[in-house]
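Chemist: For reference, the chains in residue letters:
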Amino acid sequence: MITLFAHAGGLIGRSDLPIPEWLFGWAAAIVLVISFVALAVLWPEPRLERARWRPLPGLLGRVPASRPVEILCGAIGVALLGLVIYAGLRGTQSPAANFAPTFVFVLFWIGLVPVSVIFGDVFRAFNPWRAVGRAVGWAAGRVVRNGLPAPLQYPERLGHWPAAVGVFAFAVLELVISGGDKPETVAIATLVYSALTFVAMALYGVEAWSARGETYSVYFNLFSRISPFETRDRVLGLRPPLSGLAHLKAGAGTAPLLAVMLGSVTFDGAGEAPLWTGIAPDLSKFFENLGLSPQPAFEMAFLVGLTAAVLLVYGFYRLGVAGARSVGGGFDAATLSRAFALSLVPIALAYVMAHYFTYLLFRGQAIGFLVSDPLGDGSDLFGTATKQIDYGLIGATATWYWQVAFVVLGHAAGLTLAHDRALALYDDAKLAVRSQYWMLAVMVGFTSLALWLLSQANT
Amino acid sequence: MYFAHAGHWLTSIAYFVPVLAFLVWLGVTHIKDRRNRSGG
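The listed protein sequences derive, respectively, from chains E and X. Under this note's numbering, think of the first position of the first sequence as 1, with each following residue one higher. Under this note's numbering, think of the first position of the second sequence as 1, with each following residue one higher.
It is worth saying that the hints were derived from the structure and are not from the lab. All values reported here derive from a predicted model rather than from experimental measurement. Every residue gets a Cβ at the ideal spot worked out from N, C-alpha and C, and that includes glycine. Take these hints with a grain of salt, some might be off.
Chain E is faced by these chain X residues, among others (derived, beta-carbon under 8 angstroms) [stated by the list, open to error]: (1) Thr11; (2) Ala14; (3) Pro18; (4) Val19; (5) Phe22; (6) His30.
Label-pair ranges, simulated between beta-carbon atoms [what the hints assert, rightly or not]: (7) X:Val28 <-> E:Ala51: 30 to 40 angstroms; (8) E:Val199 <-> X:Leu20: 42 to 52 angstroms; (9) X:Ile31 <-> E:Leu238: 41 to 51 angstroms; (10) E:Ala322 <-> X:Ile13: 53 to 63 angstroms.
Bound conformation, chain E alone (with noise of 0.2 angstroms):
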């Protein structure tokens, strides 16, 4: 799409290679290749599924996950909610200039993805709409004599399914429509969201929400899992990386989840490929033909895009899924798409994190005079309104080896992972290597789009 945060990864141009690029997708084919038989020898038994959590000793364990910690950062998650739709609703209308667009598309929306991997679950002590649910209802109790309603139970066949629809409304807002970086449409984006979630969390309960529902709670959680801190009854402690995936309780959309983080970055890398602008004016024209005019025409062409990405994400995984069914050991395609769904979560952060990093790095940057001027008004609160974003920060080769590298460490993360679990699933060692044939082929299948996407970008 048109806008100033679609085409992100093309922020830097062609690096200078001392080999084809595509070459680097046969290494990585056979980095991959060697993990999957080092696993086989070296990893017979499920390792991750039986990982230990250990506090942190004293207040070091203690104080980061205590009340008025938490308190505070829920008031500052609630604070920055309330800058993001007063600027966009006040601020002026160009999306560069505004504090909004660039604090929920740039810093938000991807910079919290490595603070995850890295930090764990940060977001849920931020989190502005559990903090407002939490406070309402510790008053509302307070003030109803019988105390509230007990709220529904939240149901099964929803699963992870709210979230799903979320990040792919989310997707639709950032690659889809024309205008969705605009301020005044973030703002009002977040409003509708906002009330959304208030509703459900009446519902079903502020913490049931959050923990199944509410998509920036959901898809921060699944990259937390990732990293070797974990909060246990208020307590910060330490697990092996990688182990609280092994933990995740996958269900209902949980896979589709994973297919539209998957499907909304490639398409956004496939948005800048020959492929896609050979297609795009056709798919437009048609739908001008039937009776739209051309900016609808032309969103309704890139949704139709966007929903293919995801579909044929999706669908590589269940070929994978069905292939690991023809093996044997008597499981169903929707057990074992749930079973090893957790091996898409790192294959999710190497696409947020490659397709993104440029991006993160130069556009982040923009956050430094913005929280000067956030309205773009000319003020200067902090003396940082003149600031300039430095783009020398990282060169174009520098850049494709980070990438390469976030490419070729997610999916040998995602092939640990599915390896852990098939050991954990099947009783027989040998069948639970041969299912992880065809979860291999789906890592190598993603890692070849992943860098075909990089090089289309870098094109």
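Using the hints provided, position chain X relative to the given structure of chain E.
Modeler: Relative to chain E, chain X alone:
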């Protein structure tokens, strides 16, 4: 038109050679397994 841009298309296809090779190998292995099971 498409042949004029063959270099670009071939480069794009080159990225997917490993996964295509892998899928072919998996398919062949799968068929062999089924034959062995039905034969033995």
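Chemist: Of the hints given before, which are not true for this structure?
Modeler: Of the numbered hints given earlier, the structure breaks just one, which is hint 10.
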